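Asks: My request is simple: use the sequences and hints to build the entire structure.
Heads up: the sequence lines are chains U and Y, in that order. First residue of the first sequence? That's 0 in numbering that gives the first Met the number 0, and the numbers climb one at a time after it. First residue of the second sequence? That's 0 in numbering that gives the first Met the number 0, and the numbers climb one at a time after it.
Just so you know, these hints were derived from the structure itself, not from any lab. Please note that a few of the clues may not be correct.
Calculated cross-link-like contacts (lysine-lysine; reagent style BS3-like; alpha-carbon spacing at most 30 Å) [to be verified]:
hint, chain 1, residue 1, chain 2, residue 2
1, Y, 323, Y, 55
2, U, 134, U, 150
3, Y, 119, U, 507
4, U, 60, U, 174
5, Y, 195, Y, 55
6, U, 79, U, 60
7, U, 520, Y, 119
8, Y, 323, U, 206
9, U, 174, U, 186
10, U, 507, Y, 159
11, U, 186, U, 161
12, U, 60, U, 186
Just so you know, these numbers come straight off a predicted model, no measurement behind them.
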Amino acid sequence: MPTRTISAALGLALLLAWAGFAWALPADLVLAVAAGKSDEQVAAVGRLVVSGDAGVEAYFKALLDGTVQVAGGKRVLLVKDEQAADAATGEKVAPLPEGLEDAVVNNRLRGALESAMGALKLISPDRAERLAAVKTLEDGAGEEMLPLIAKALAAEADPQIKKSLALVQASVQLKSADAAMRMAAVKALAASDNPNTKTLLLGLLEKKGDNFSEPDAAIRAEAQDSLKAVQSRLSVGERISQVFTGISLGSILLLAALGLAITYGLMGVINMAHGELIMVGAYSAYVVQNLFRTQLPGLFDWYLLAAVPAAFFASALVGMLLERAVIRFLYGRPLETLLATWGISLILMQSVRSFFGAQNVRVENPVWMSGGVEILANVVLPWNRVVIIGFALAVLLLMWFLLTRTRLGLFVRAVTQNRSMASCVGVPTARVDTLAFGLGSGIAGLAGCALSQIGNVGPDLGQTYIVDSFMVVVLGGVGQLAGTVYAALGLGMANKFLEAWSGAVLAKIAILAFIIVFIQKRPQGMFAVKGRMADS
Amino acid sequence: MGPLAQTVTRLYGRRGWSVLAACAVILFALFPLANLAMPKGSLFYISDYTVALTGKIMCYAIVALAMDLIWGYTGILSLGHGLFFALGGYMMGMHLMRMIGREGQYQSELPDFMVFLNWKAYPWYWSFTEHFWYSALLVVLVPGLLAFVFGFFAFRSRIKGVYFSIITQALTFAFMLLFFRNDTGFGGNNGFTDFKRILGYHVATSQTRMALFMLTGAVLILTLLFARTIVASKFGRVLTAIRDAESRVMFSGYNPVHYKLAIWTASAVICGIAGALYVPQVGIINPSEMSPANSIEIAIWVAVGGRGSLVGAILGAGIVNFAKSWFTVAFPEYWLFFLGLLFILVTLYLPQGVVGAFDEIRRRIEERKLGQAVRGSAA
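Replies: This is the structure we're talking about:
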């Protein structure tokens with residue numbers, strides 16, 4: 000009969016399949032988990048986990064699902080849909096034996112089982128699964144997991160997982176009742192370069208009431224030593240990241256001040272609207288971003304490539320308009336220029352507020368700029384900061400090239416040095432003024448585009464940078480590109496180092512005070528242009 | 000003519016003194032009568048709001064006078080006068096805070112913000128501020144000393160022009176950051192408010208307000224006379240000379256540093272006094288008074304009225320601030336547009352301000368009259 004043959008074949012296949020999944024767990028442990036006393040249960044879970052046998056997971060899952068039954072207090076069965084299998088071997092048991100009782104899973108056992116289930120994933124071939132497993136263990140793992148962790152640690156190849164896992168191991172060991180194990184853990188931690196190690200070790204040295212949380216004085220002394228070792232290793236990283244944030248702030252200051260170095264430093268125009276030109280650049284980046292999102296969603300990651308020139312030209316255009324409409328009437332009257340440009344800045348700010356709203360707008364980083372590059376365990380350099388440092392350098396080079404290697408640059412320098420003489424030899428001074436002002440404004444726009452990647456973009460954006468950028472230019476010395484660079488980097492570094500020591504606001508105040516005092520000593524800034532004018 | 004009479008005529012002519020007297024009558028007789036004696040709703044009644052607004056603007060006018068002395072006459076554009084103003088206000092505020100006594104939210108001897116910060120005692124710089132006259136002394140001393148020390152170093156190293164403006168702006172900015180901190184002990188970004196009494200009188204009553212108003216008016220007139228005395232003196236001539244050609248003044252044997260330092264410090268002290276009058280009338284002082292924007296606004300008051308004419312400073316402060324209080328009620332979004340335009344148009348087209356424009360008009364009318372007279376006699 001064909002049907003009978005088919006069913007027989009199916010049955011054989013099923014049997015084979017079943018046999019293929021069969022396993023061999025130590026029966027005493029299996030029984031201990033299902034029917035032992037609470038302590039025995041948890042210990043047995045730990046020992047079962049280490050075996051790493053394929054049946055463990057199925058068994059634990061069944062326990063959590065409540066489908067495990069104990070036959071006559073001896074044999075543990077997985078019962079599902081009237082089918083039963085031996086939990087220790089996976090063999091099918093039919094018919095169902097008499098006197099079945101549900102295995103009791105109390106909360107403590109449930110917790111141990113769940114953490115064990117998580118831990119089992121430590122040896123999964125999938126990296127993401129292993130990472131998730133480590134994360135669950137970080138929330139708290141029992142001592143029974145130690146053998147498994149050790150096993151996983153030995154097999155682990157991924158450095159990130161390995162590091163977290165080692166830390167989990169140490170934290171479990173530190174909670175152990177066994178003083179020797181705690182001692183070993185403390186010693187092992189001395190070699191760690193993970194910043195979290197510090198909290199772990201500090202926890203040992205903390206006092207709880209009258210007693211230390213670590214009762215053994217020898218271990219405490221060892222912990223002290225390990226802490227020192229870890230700290231000295233970490234401090235290198237901290238130094239590096241401090242220097243990096245200093246350079247990063249310096250590059251931002253440089254970008255904000257470079258445009259001013261042209262308009263104020265070279266042309267002598269006090270442009271209080273410089274901050275608002277930065278803001279215009281940032282909002283251009285925002286508009287380009289939105290255009291890309293709606294029109295070219297596929298190329299969204301590359302919107303910055305379009306935003307950079309857009310920001311430059313938008314700000315340059317606004318700047319040139321201002322120069323033609325207002326500033327050119329005020330050359331040689333710096334105080335009046337200051338007031339008029341302040342008025343311009345108010346108008347620009349209020350226009351943006353009316354047009355885009357008073358709230359900050361959101362400018363998203365492209366994917367390739369998010370995240371960072373890890374150079375040490377506790378040093379991650381964010382990509383957006385790295386990119387901005389590079390960008391500032393590029394802008395600086397471009398400006399240097401424009402000013403020293405092009406005809407426009409030659410004209411700008413000529414007009415700066417002697418306007419009437421330049422005019423006599425045929426330099427169109429009015430046009431040079433407009434173009435130079437446009438260039439300075441455009442660079443402000445570039446700064447705004449860069450700032451949109453790291454901070455809030457709002458109508459008040461410019462106000463935050465105007466005092467800083469003037470400080471940079473004044474400190475560096477008017478009319479000097481090199482001075483601007485040194486001043487920006489120096490201020491950025493000084494600010495960050497002071498910040499670590501005294502807090503952000505006091506650092507800022509100290510810097511301002513320093514500049515005020517410095518200017519008394521060297522009124523022309525760090526790099527003064529030498530001259531013989533009585534009034535200079 | 001006696002020496003006093005001589006001084007009097009040198010300050011103002013007959014017409015000037017009459018206008019001043021008329022102003023005094025308005026301030027010291029009309030306002031109190033119309034505010035306190037007239038029933039509400041009467042045609043001649045002046046509301047408490049108008050009194051408070053006018054009082055506030057008179058404080059600004061005092062600041063504008065100080066600014067005119069340093070900018071209009073000496074040519075130094077200070078972007079730090081908001082700081083001196085606020086410092087004077089804070090000094091008075093300290094006293095007013097102590098006068099709250101146990102009437103604060105927490106019924107503590109300490110001001111509420113200190114209770115909030117869990118402080119147990121006043122910091123040292125609050126000592127003796129419960130005495131009114133000591134606080135009044137601080138109002139003069141603190142801005143004065145700061146200005147003196149800052150000016151001493153700045154003028155000695157011959158910092159001038161825009162450099163000086165930018166440095167004063169940095170100073171103001173640094174102080175604003177400092178006062179925004181809670182740990183500085185001046186109430187952080189909330190500053191001082193909820194004042195209860197001054198010299199034993201409740202600050203919110205119409206009578207106290209009117210007394211403060213009249214006091215402000217008196218100080219304004221005295222400041223005007225003081226400033227006028229300065230600019231009409233030889234000292235004032237040197238100041239103007241410094242403005243127009245500092246090197247020449249120096250080469251003629253004067254040391255501009257002394258002159259600049261003196262007028263700079265005096266100007267700061269005047270600002271401090273104005274701030275001290277301002278705080279009890281407005282009822283609040285916080286670090287935003289020190290924002291760089293406020294200091295630049297002071298310059299525009301003077302520019303609108305007309306630099307180098309003391310009356311212009313008062314006029315400018317009045318015009319701009321009445322416009323501001325009208326705009327911020329009627330068209331709040333357009334106030335900044337208006338203010339911005341004011342900055343631009345005044346610097347471009349009204350370099351001598353309103354007073355200068357009036358003078359120009361008067362000059363033209365007289366020229367025309369003269370021309371007619373000449374033509375008439377020729378015919």
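Asks: Evaluate each hint against the coordinates.
Replies: Right, here's what the structure says about each hint:
Proximity of residue 323/Y to residue 55/Y is assessed by CA-CA distance (about 12 Å); at most 30 Å being required, the pair is judged to hold. The straight-line distance between the Cα atoms of residue 134/U and residue 150/U is roughly 17 Å, inside the 30 Å bound, and the hint therefore holds. Distance restraint check for residue 119/Y and residue 507/U: the Cα-Cα separation of roughly 29 Å lies within the 30 Å cut-off, and the hinted pair is therefore satisfied. Restraint check: the Cα-Cα separation between residue 60/U and residue 174/U comes to about 28 Å, which is no more than 30 Å; the hinted pair holds.
Restraint check for residue 195/Y and residue 55/Y: satisfied, since their Cα atoms lie roughly 19 Å apart, inside the 30 Å limit. For the hint pairing residue 79/U with residue 60/U, the CA-to-CA distance comes to about 12 Å; that is within 30 Å, so the pair holds. Pair hint residue 520/U plus residue 119/Y does not hold up; C-alpha atoms about 42 Å apart against a cutoff of 30 Å. Note on residue 323/Y and residue 206/U: the hinted pairing is violated, with a Cα-Cα distance of about 61 Å set against a maximum of 30 Å.
The hinted pair formed by residue 174/U and residue 186/U meets the criterion: a straight-line CA distance of about 15 Å does not exceed 30 Å. Annotation: proposed proximity of residue 507/U to residue 159/Y holds, straight-line Cα distance about 24 Å (limit 30 Å). For the hint pairing residue 186/U with residue 161/U, the CA-to-CA distance comes to about 18 Å; that is within 30 Å, so the pair holds. Taken as a hint, the residue 60/U and residue 186/U pair is broken in the structure, with Cα atoms around 37 Å apart against an allowance of 30 Å.
Violation of the numbered hints given earlier is confined to hints 7, 8 and 12; the remaining hints are satisfied by the structure.
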